[in-house]
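Engineer: Here is what each chain is made of, one letter per residue.
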Amino acid sequence: MSAGAETQSVSKAFVSVVTALGDDELIIGHRHSEWTGFAPHIEEDVAFSSIAQDEIGHAAAYYSLIARLTEDDADRIALGRSRAEYRHAIVCEMANGDWARTLARHWLYDHADAIRLESLEDSSNKGLAQLVAKIRREERYHLIHADTWISRVAHGPVEGRSKLTHAVTEMFWSAAALFEPFEDEDLAGAEDLLPVTSPKLQERFVAQTTATLDELGMPASVIRTGADETAEFVASSSGDLIASGNDSDSGASAAASGGGRKGRHTSDFESLWDDLTYTYRNNPGATW
Amino acid sequence: MTTMVDNERLAQEIRIALAGVADPEIPAVSVLDMGMIASVTVEDGAAHVVVLPTFTGCPAVPLIRRDVAGATGSVPGVRSVSVETTFDPPWTSDRITSEGKRKLEEFGLAPPSGEGPVLIADIGLPRQARCPFCGSIKTRNENPFGPTPCRALYYCESCRNPFEQFKPV
Numbered sequence: 001m002s003a004g005a006e007t008q009s010v011s012k013a014f015v016s017v018v019t020a021l022g023d024d025e026l027i028i029g030h031r032h033s034e035w036t037g038f039a040p041h042i043e044e045d046v047a048f049s050s051i052a053q054d055e056i057g058h059a060a061a062y063y064s065l066i067a068r069l070t071e072d073d074a075d076r077i078a079l080g081r082s083r084a085e086y087r088h089a090i091v092c093e094m095a096n097g098d099w100a101r102t103l104a105r106h107w108l109y110d111h112a113d114a115i116r117l118e119s120l121e122d123s124s125n126k127g128l129a130q131l132v133a134k135i136r137r138e139e140r141y142h143l144i145h146a147d148t149w150i151s152r153v154a155h156g157p158v159e160g161r162s163k164l165t166h167a168v169t170e171m172f173w174s175a176a177a178l179f180e181p182f183e184d185e186d187l188a189g190a191e192d193l194l195p196v197t198s199p200k201l202q203e204r205f206v207a208q209t210t211a212t213l214d215e216l217g218m219p220a221s222v223i224r225t226g227a228d229e230t231a232e233f234v235a236s237s238s239g240d241l242i243a244s245g246n247d248s249d250s251g252a253s254a255a256a257s258g259g260g261r262k263g264r265h266t267s268d269f270e271s272l273w274d275d276l277t278y279t280y281r282n283n284p285g286a287t288w
Numbered sequence: 289m290t291t292m293v294d295n296e297r298l299a300q301e302i303r304i305a306l307a308g309v310a311d312p313e314i315p316a317v318s319v320l321d322m323g324m325i326a327s328v329t330v331e332d333g334a335a336h337v338v339v340l341p342t343f344t345g346c347p348a349v350p351l352i353r354r355d356v357a358g359a360t361g362s363v364p365g366v367r368s369v370s371v372e373t374t375f376d377p378p379w380t381s382d383r384i385t386s387e388g389k390r391k392l393e394e395f396g397l398a399p400p401s402g403e404g405p406v407l408i409a410d411i412g413l414p415r416q417a418r419c420p421f422c423g424s425i426k427t428r429n430e431n432p433f434g435p436t437p438c439r440a441l442y443y444c445e446s447c448r449n450p451f452e453q454f455k456p457v
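One line per chain: the protein sequences are L and Y, in this order. Take the first sequence: its position 96, counting from 1, is numbered 96 in the numbering used here, and each next residue is one higher. Take the second sequence: its position 156, counting from 1, is numbered 444 in the numbering used here, and each next residue is one higher.
Read the hints as simulated data drawn from the structure, not as lab findings.
Looking from chain Y toward chain L, a few residues come up when the C-beta cut is under 8 Å (computed): (1) PHE343; (2) THR344; (3) GLY345; (4) ASP376; (5) ILE408; (6) GLY412; (7) LEU413; (8) GLU430; (9) ASN431; (10) PRO432; (11) PHE433; (12) GLY434; (13) PRO437; (14) VAL457.
Label pairs and their in silico Cβ distance ranges: (15) Y:PRO347 x L:ARG81: 14 to 24 Å; (16) Y:SER401 x L:GLN208: 24 to 34 Å; (17) L:GLU215 x Y:ASP382: 26 to 36 Å; (18) L:GLY97 x Y:GLN300: 56 to 66 Å; (19) L:GLU215 x Y:GLN416: 23 to 33 Å; (20) Y:PRO312 x L:ALA211: 40 to 50 Å; (21) Y:GLY361 x L:PRO199: 50 to 60 Å.
All C-beta atoms in this analysis are idealised placements derived from N, C-alpha and C, irrespective of residue type, glycine included.
Start from the sequences, fold in the hints, and give me the full structure.
Structural biologist: Right, here's the structure in full:
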């Protein structure tokens with residue numbers, strides 16, 4: 001990394017924040033990679049494999065930033081931790097489910113990531129700001145891909161639109177929990193490591209994504225009301241999406257989907273972690 | 289004791305040697321053509337080369353570092369070599385030289401289109417990518433992603449060949 005990064009002392013807040021950034025990218029990258037060979041369309045097989053490679057590459061760069069400053073090893077940080085030591089948001093670890101869920105999460109995640117990266121370009125940590133400037137140039141392609149898909153499905157036949165609407169509603173607040181404050185967020189803010197607080201970024205995320213959903217005729221109003229107003233959206237005979245009003249867990253609040261930044265994870269992460277770290281655990285010190 | 293002139297001369301010889309280091313994924317193009325060499329400096333026979341990775345997650349970076357170090361160390365007069373990678377400045381596709389763009393096209397890879405600095409707001413699919421096989425601009429993007437992080441997939445309506453483009457980034 002640059003000389004600027006090396007001369008800065010390593011703060012606890014820096015390690016906490018950059019670990020979480022890397023973990024989000026590693027875990028969602030791993031989920032995307034599960035489509036390799038299985039996507040419903042060959043071009044999407046290529047696209048998700050490539051996006052996965054980008055995200056895992058970004059994770060490696062974040063971990064290298066920490067490793068260089070703490071004399072640690074990037075592979076150790078990526079693969080040598082217990083489950084509870086990972087700090088990604090829970091939305092990243094959720095099983096892929098069907099294609100609608102995959103697209104909904106891809107769209108929500110990449111918009112959240114774009115909002116976060118834009119703010120981090122002004123970070124007081126030069127090494128982090130420079131890395132983020134580079135990553136943003138690559139992430140533009142992820143946004144184009146996600147936006148194209150969401151728009152196409154939203155304007156397409158009712159079955160797909162209904163599935164996508166349901167998936168977005170169900171995952172929205174889990175994605176918003178990407179802005180659950182980092183550990184040591186107060187310290188990081190004081191050091192100007194984080195130029196904009198996580199709650200402030202979450203407001204931007206909610207405003208931006210719900211505005212787009214409104215434009216696409218998807219139920220942003222239900223999302224805005226949060227946890228208490230759960231409703232299932234189904235297609236009416238005319239093809240419009242209407243609320244059927246049930247007690248499913250769709251529209252769960254950000255609080256209910258949070259905890260990832262403190263190391264709380266779901267059973268979905270258990271099997272993911274087993275796969276992800278299998279080779280590393282069985283061949284300590286292996287190089288590849 | 290070396291002089292500034294000696295340092296400058298050695299740096300120039302190192303640059304000549306680096307012209308022989310290929311991008312492992314695009315062997316027709318050197319790391320110099322790709323604009324990946326940010327600087328070469330020499331001080332008392334100690335060479336320092338700064339490399340800009342094209343893509344953050346590019347798996348070829350360790351190979352490139354190794355090859356750059358090897359070529360630099362092979363220059364007579366160089367006593368030690370350090371290779372640094374940095375994202376400052378970020379590598380952008382407008383760093384590819386015109387010679388590099390010509391070689392990319394010859395290799396069968398459409399060069400990133402556009403002149404001048406690539407602004408982040410402009411990054412996206414170019415409306416037109418020129419077919420490296422027949423030169424037609426009657427082409428369409430099939431996928432913003434491809435077999436490596438730096439490539440996108442196109443189809444040429446004129447000669448009916450699929451082709452790849454080095455993405456503007």
